[in-house]
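*Asks:* One-letter residues, chain by chain:
There are 2 protein chains.
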Amino acid sequence: MKAIDETLNKAQVAFLSYKNFPGKKKAEFLRTVADEIEALGTLVSTAMRETNLPEARIINERGRTTGHCRMFADLVEEGSWVDARVDTALPNRMPAPKPDIRKMLVPVGPVVVFGAANFPLAYSTAGGDTASALAAGCPVIVKAHPAHLETSKLVAGAIEKAAIKTGMPSGVFQHVYGEGFETGQALVKHPLTKAVGFTGSLAGGKALFDLANQRPEPIPVFAEMSSINPVILLPETLSRDAAKTAGALAASITLGVGQFCTNPGLIIAIDDETLQSFIAALSTEIQKALPAAMLHQGIADNYSKKLAQALAQKGVKAEGQSSAQGNPAQGTPLVASVPAEIFLQNPALSEEVFGPFSLIVKCRNMDELHKVINRGHGQLTSTIIGDETEISRHKALLNVLIEKAGRLIINGVPTGVEVCPSQMHGGPYPSTTDSRFTAVGADAIKRFVRPVSFQNFPDSLLPDELKEANPLGIWRVYNGEFKK
Amino acid sequence: MKAIDETLNKAQVAFLSYKNFPGKKKAEFLRTVADEIEALGTLVSTAMRETNLPEARIINERGRTTGHCRMFADLVEEGSWVDARVDTALPNRMPAPKPDIRKMLVPVGPVVVFGAANFPLAYSTAGGDTASALAAGCPVIVKAHPAHLETSKLVAGAIEKAAIKTGMPSGVFQHVYGEGFETGQALVKHPLTKAVGFTGSLAGGKALFDLANQRPEPIPVFAEMSSINPVILLPETLSRDAAKTAGALAASITLGVGQFCTNPGLIIAIDDETLQSFIAALSTEIQKALPAAMLHQGIADNYSKKLAQALAQKGVKAEGQSSAQGNPAQGTPLVASVPAEIFLQNPALSEEVFGPFSLIVKCRNMDELHKVINRGHGQLTSTIIGDETEISRHKALLNVLIEKAGRLIINGVPTGVEVCPSQMHGGPYPSTTDSRFTAVGADAIKRFVRPVSFQNFPDSLLPDELKEANPLGIWRVYNGEFKK
Numbered sequence: 001m002k003a004i005d006e007t008l009n010k011a012q013v014a015f016l017s018y019k020n021f022p023g024k025k026k027a028e029f030l031r032t033v034a035d036e037i038e039a040l041g042t043l044v045s046t047a048m049r050e051t052n053l054p055e056a057r058i059i060n061e062r063g064r065t066t067g068h069c070r071m072f073a074d075l076v077e078e079g080s081w082v083d084a085r086v087d088t089a090l091p092n093r094m095p096a097p098k099p100d101i102r103k104m105l106v107p108v109g110p111v112v113v114f115g116a117a118n119f120p121l122a123y124s125t126a127g128g129d130t131a132s133a134l135a136a137g138c139p140v141i142v143k144a145h146p147a148h149l150e151t152s153k154l155v156a157g158a159i160e161k162a163a164i165k166t167g168m169p170s171g172v173f174q175h176v177y178g179e180g181f182e183t184g185q186a187l188v189k190h191p192l193t194k195a196v197g198f199t200g201s202l203a204g205g206k207a208l209f210d211l212a213n214q215r216p217e218p219i220p221v222f223a224e225m226s227s228i229n230p231v232i233l234l235p236e237t238l239s240r241d242a243a244k245t246a247g248a249l250a251a252s253i254t255l256g257v258g259q260f261c262t263n264p265g266l267i268i269a270i271d272d273e274t275l276q277s278f279i280a281a282l283s284t285e286i287q288k289a290l291p292a293a294m295l296h297q298g299i300a301d302n303y304s305k306k307l308a309q310a311l312a313q314k315g316v317k318a319e320g321q322s323s324a325q326g327n328p329a330q331g332t333p334l335v336a337s338v339p340a341e342i343f344l345q346n347p348a349l350s351e352e353v354f355g356p357f358s359l360i361v362k363c364r365n366m367d368e369l370h371k372v373i374n375r376g377h378g379q380l381t382s383t384i385i386g387d388e389t390e391i392s393r394h395k396a397l398l399n400v401l402i403e404k405a406g407r408l409i410i411n412g413v414p415t416g417v418e419v420c421p422s423q424m425h426g427g428p429y430p431s432t433t434d435s436r437f438t439a440v441g442a443d444a445i446k447r448f449v450r451p452v453s454f455q456n457f458p459d460s461l462l463p464d465e466l467k468e469a470n471p472l473g474i475w476r477v478y479n480g481e482f483k484k
Numbered sequence: 001m002k003a004i005d006e007t008l009n010k011a012q013v014a015f016l017s018y019k020n021f022p023g024k025k026k027a028e029f030l031r032t033v034a035d036e037i038e039a040l041g042t043l044v045s046t047a048m049r050e051t052n053l054p055e056a057r058i059i060n061e062r063g064r065t066t067g068h069c070r071m072f073a074d075l076v077e078e079g080s081w082v083d084a085r086v087d088t089a090l091p092n093r094m095p096a097p098k099p100d101i102r103k104m105l106v107p108v109g110p111v112v113v114f115g116a117a118n119f120p121l122a123y124s125t126a127g128g129d130t131a132s133a134l135a136a137g138c139p140v141i142v143k144a145h146p147a148h149l150e151t152s153k154l155v156a157g158a159i160e161k162a163a164i165k166t167g168m169p170s171g172v173f174q175h176v177y178g179e180g181f182e183t184g185q186a187l188v189k190h191p192l193t194k195a196v197g198f199t200g201s202l203a204g205g206k207a208l209f210d211l212a213n214q215r216p217e218p219i220p221v222f223a224e225m226s227s228i229n230p231v232i233l234l235p236e237t238l239s240r241d242a243a244k245t246a247g248a249l250a251a252s253i254t255l256g257v258g259q260f261c262t263n264p265g266l267i268i269a270i271d272d273e274t275l276q277s278f279i280a281a282l283s284t285e286i287q288k289a290l291p292a293a294m295l296h297q298g299i300a301d302n303y304s305k306k307l308a309q310a311l312a313q314k315g316v317k318a319e320g321q322s323s324a325q326g327n328p329a330q331g332t333p334l335v336a337s338v339p340a341e342i343f344l345q346n347p348a349l350s351e352e353v354f355g356p357f358s359l360i361v362k363c364r365n366m367d368e369l370h371k372v373i374n375r376g377h378g379q380l381t382s383t384i385i386g387d388e389t390e391i392s393r394h395k396a397l398l399n400v401l402i403e404k405a406g407r408l409i410i411n412g413v414p415t416g417v418e419v420c421p422s423q424m425h426g427g428p429y430p431s432t433t434d435s436r437f438t439a440v441g442a443d444a445i446k447r448f449v450r451p452v453s454f455q456n457f458p459d460s461l462l463p464d465e466l467k468e469a470n471p472l473g474i475w476r477v478y479n480g481e482f483k484k
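So the sequences go chain by chain: A and B.
Our numbering puts the first residue of the first sequence at 1, with every later residue one more than the last.
Our numbering puts the first residue of the second sequence at 1, with every later residue one more than the last.
Quick caveat, the hints were computed from the structure, so don't treat them as lab data.
These numbers come from a predicted model, not from an experiment.
A hint or two may mislead.
Chain B is faced by these chain A residues, among others (derived, beta-carbon under 7 Å) [what the hints assert, rightly or not]:
id, residue
1, Ile409
2, Val452
3, Val477
In silico SDA-like pairs for lysine to any residue, Cα to Cα no more than 20 Å straight-line [stated by the list, open to error]:
id, chain 1, residue 1, chain 2, residue 2
4, B, Lys395, A, Pro463
5, A, Lys306, A, Val316
6, B, Lys24, B, Lys484
7, A, Lys189, B, Gly376
8, B, Lys371, B, Arg393
9, B, Lys483, A, Tyr478
10, B, Lys404, B, Thr415
11, B, Lys395, A, Val13
12, B, Lys10, B, His175
13, B, Lys467, B, Ala89
14, B, Lys98, A, Ala251
15, A, Lys2, A, Val13
16, B, Lys189, A, Gly376
17, B, Lys404, A, Val13
18, B, Lys244, B, Gln287
19, B, Lys395, A, Ser17
20, B, Lys404, A, Gln297
21, B, Lys24, B, Pro463
22, B, Lys206, A, Pro218
23, A, Lys483, B, Asn470
24, A, Lys371, B, Lys10
25, B, Lys404, A, Pro463
26, A, Lys206, B, Asp210
27, A, Lys484, B, Ser80
28, B, Lys24, B, Pro471
29, B, Lys25, A, Asn399
30, A, Lys98, B, Gly416
31, B, Lys404, A, Gly473
32, A, Lys483, B, Ala89
33, A, Lys98, A, Ser80
34, A, Lys404, B, Pro216
35, B, Lys467, A, Thr389
On the chain A side, residues computed to face chain B include the following (Cβ under 10 Å) [unchecked claim]:
id, residue
36, Ser17
37, Lys19
38, Asn20
39, Asp74
40, Val86
Backbone N, C-alpha and C define an ideal beta-carbon position, used for all residues, glycine too.
Produce the entire structure from the sequences given, and follow the hints as far as they go.
*Replies:* Dropping the structure here:
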């Protein structure tokens, strides 16, 4: 594809200068991106129209988007994120002298970003992937999401304006359109593309991952894909709090019409009287919840189909359903239950149903609950509802859960992803393609950088981060010691 | 394969306890591994017999192996390597309270290690992959290298003895034999295997990488594979130092019969009178170098074959060759030259010739030299011979070189890889399968760990690294600030 070739060549030319821009300049760019997004008059209404999401949610998401642009600006302006290590020479060491070696993280090159349908702002054109890649020093090519093309164009315009205002090289950010798979495939296959960020379905993410690995030069793909976010209810704690827990979970299941990657799609508990009251309370809450328009017709159709498939499985019983009748563009909240014995035999029941649905797995005892946990795939999150004393008695459970998820939550809900240094939004396959990285928070920048060592360099030829006098005043490991 | 299944199940059982061992205990284990290796009476003679490497080299390599075991012991005993981040709760934040979130690195699970033929100790059974994975908290399964099986058995015995002495769980380390590919493939394909470390050929590493990516659950493979480590000679500097540079390069080319992943296999320079004197001086040095036995007959045969292929290419001229006649088990030092114009047209000339060989690419001018650099694949190292003033005039060259290698060296040789925090032994494909990680130095541990967030955890249920009082006294990012 000639157009794609031009796009990547432009990105590469931009890269060769942009990568050397000081943190201060990149920070100015990212902060101006935030300002320009805030200055877009029609952004909220356009995004509302294209995604059916309510105003408050879009405004909140805009805040999150400008927030992470400013967070990455702060990060690169401060500068310690490059993980600088300095080991000075020992010219008289025996049997051989030790050379001076210094190391820091540098950007990998042009990054291709595929945004998410369910976050038209925060995980899309100026989303976490774009912001972290730009912060790292990588030019970004965004493949516009066809479900919110106008929103994407507005945000792309804001980024382009900010790039011009702050003197960034042309090609530091490019916005590419194209229906179907060809454009995306051509972007991932282009030899100048050095990494890919993706948020979406398991099928889509896995296809890009495979494509990237089959290139003559394989490149890393960070795809955030599929997670059903199990919530484990410990029986004693539940017996005290069944109604409160049911209320919190109902709100989490139905939040944003269930269209969150951290939606709690699986509830695992011991089948006793307490669980019966919990199910009754949860069902009551779900009955009160209203159907609402999903992001687009394709997602609504997919939800209906997957929901019908789940309910058609042997042993699955619908427990509570919104009492209002939804139209075909809407997602109707529903919770169902299934005995653990049957759940364990049917892998289809572990698949994500993207929407306001959750399946309660009823275990006869803790042994069976352990089996359900052990059988689980990788997840973005796992939650335990239990007090300190009760969890302490089930440490073996915690010990296994940690192997299955990127974030563990006690007495909370998985929805709501804080943007902060301690955030891990990622997890073992299939929740992402590489459990060693996060898509949210400052460490998201690590996906798009690689270390380079400089051996025996004269001080004047070293990057500022590694110069002997530490002119940027960043934290470094200097001869084994953390210091500024 | 039933035996492999038993091996991985044993590793997984070990993992569920070993991963929770405090750094102090893991450090004790790793230091005892070093002690037990030093106590092996027949290790040096066995390794010499199996690899044809001289005594001094084996003793040096043993020191390096015990050295990195003790380095990783220090690292995990000190404990800051887990990159702990703590963000405390803001219960009154509007519009929503901020939960307490804390994050640290945890081990990925059982790791399969394939050692290198050319480093029977330092990159093999107790090599950098094994030591870093054990330090991370991952059980290790080593597939013994058939070319130094007895050496591998001795070292495995030392590790097993150390594991028993220090009370490690059975299965924390396992040594697996097996000729052919089946055993290795079965190890990589087993669902309980969570990562792979490999050092060897491009074909071997790529095959394992593909296998790992085709699993139902893809897993990361860090394969260090193929590098020709270009050395660029800047003309003015060379005109002052041609003989000295020739001497240093000849020593690097022939060191260990050229059997180093950092062997300088490509020399790139401007074709002028200075280069002619350099080639004459280098040829004289190479003529004086003696053929020597290679690691095994397969490697010697491969060297002869690849060397003959390189010399048969159009435009390639043998410049200097050892004046002594080698036998078929030996590698004969040789340097050749080729005009850049021809080099640029023939990709075969960029392939690694594993042995004491280097190809001089003669460029008509700096433009052509830039073209040669631009065309280059990913490398472990790139070297520039040039003084500060001359390199300053060619910063564009440095700007591109950094994209092609993990380590840049000025006025040195690529052979000799320091084990220190600032070391990056890795690089863009095909030198490794993931340029974001190093195989040498403290950061090698990062290949085998992943972050996990703990949200809203009572202090008693947090790992010690994340407890509020910081009982381990490690460096952490606490509410955005680096502190102990």
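*Asks:* All hints are to be evaluated individually against the structure, with a verdict given for each.
*Replies:* Going down the list of hints, with the structure as the test:
{"no.": "1", "hint": "Ile409", "verdict": "holds (4 Å)"}
{"no.": "2", "hint": "Val452", "verdict": "holds (6 Å)"}
{"no.": "3", "hint": "Val477", "verdict": "holds (5 Å)"}
{"no.": "4", "hint": "B:Lys395 - A:Pro463", "verdict": "holds (12 Å)"}
{"no.": "5", "hint": "A:Lys306 - A:Val316", "verdict": "holds (13 Å)"}
{"no.": "6", "hint": "B:Lys24 - B:Lys484", "verdict": "holds (18 Å)"}
{"no.": "7", "hint": "A:Lys189 - B:Gly376", "verdict": "holds (19 Å)"}
{"no.": "8", "hint": "B:Lys371 - B:Arg393", "verdict": "holds (17 Å)"}
{"no.": "9", "hint": "B:Lys483 - A:Tyr478", "verdict": "holds (16 Å)"}
{"no.": "10", "hint": "B:Lys404 - B:Thr415", "verdict": "holds (17 Å)"}
{"no.": "11", "hint": "B:Lys395 - A:Val13", "verdict": "holds (16 Å)"}
{"no.": "12", "hint": "B:Lys10 - B:His175", "verdict": "holds (12 Å)"}
{"no.": "13", "hint": "B:Lys467 - B:Ala89", "verdict": "holds (14 Å)"}
{"no.": "14", "hint": "B:Lys98 - A:Ala251", "verdict": "holds (18 Å)"}
{"no.": "15", "hint": "A:Lys2 - A:Val13", "verdict": "holds (17 Å)"}
{"no.": "16", "hint": "B:Lys189 - A:Gly376", "verdict": "holds (19 Å)"}
{"no.": "17", "hint": "B:Lys404 - A:Val13", "verdict": "holds (16 Å)"}
{"no.": "18", "hint": "B:Lys244 - B:Gln287", "verdict": "holds (16 Å)"}
{"no.": "19", "hint": "B:Lys395 - A:Ser17", "verdict": "holds (12 Å)"}
{"no.": "20", "hint": "B:Lys404 - A:Gln297", "verdict": "violated (46 Å)"}
{"no.": "21", "hint": "B:Lys24 - B:Pro463", "verdict": "holds (14 Å)"}
{"no.": "22", "hint": "B:Lys206 - A:Pro218", "verdict": "holds (10 Å)"}
{"no.": "23", "hint": "A:Lys483 - B:Asn470", "verdict": "holds (19 Å)"}
{"no.": "24", "hint": "A:Lys371 - B:Lys10", "verdict": "holds (18 Å)"}
{"no.": "25", "hint": "B:Lys404 - A:Pro463", "verdict": "holds (17 Å)"}
{"no.": "26", "hint": "A:Lys206 - B:Asp210", "verdict": "holds (14 Å)"}
{"no.": "27", "hint": "A:Lys484 - B:Ser80", "verdict": "holds (16 Å)"}
{"no.": "28", "hint": "B:Lys24 - B:Pro471", "verdict": "holds (13 Å)"}
{"no.": "29", "hint": "B:Lys25 - A:Asn399", "verdict": "holds (19 Å)"}
{"no.": "30", "hint": "A:Lys98 - B:Gly416", "verdict": "holds (10 Å)"}
{"no.": "31", "hint": "B:Lys404 - A:Gly473", "verdict": "violated (28 Å)"}
{"no.": "32", "hint": "A:Lys483 - B:Ala89", "verdict": "violated (28 Å)"}
{"no.": "33", "hint": "A:Lys98 - A:Ser80", "verdict": "violated (26 Å)"}
{"no.": "34", "hint": "A:Lys404 - B:Pro216", "verdict": "holds (15 Å)"}
{"no.": "35", "hint": "B:Lys467 - A:Thr389", "verdict": "holds (17 Å)"}
{"no.": "36", "hint": "Ser17", "verdict": "holds (9 Å)"}
{"no.": "37", "hint": "Lys19", "verdict": "holds (8 Å)"}
{"no.": "38", "hint": "Asn20", "verdict": "holds (7 Å)"}
{"no.": "39", "hint": "Asp74", "verdict": "holds (9 Å)"}
{"no.": "40", "hint": "Val86", "verdict": "holds (6 Å)"}
This entry does not satisfy hints 20, 31, 32, 33, going by the numbered hints stated previously.
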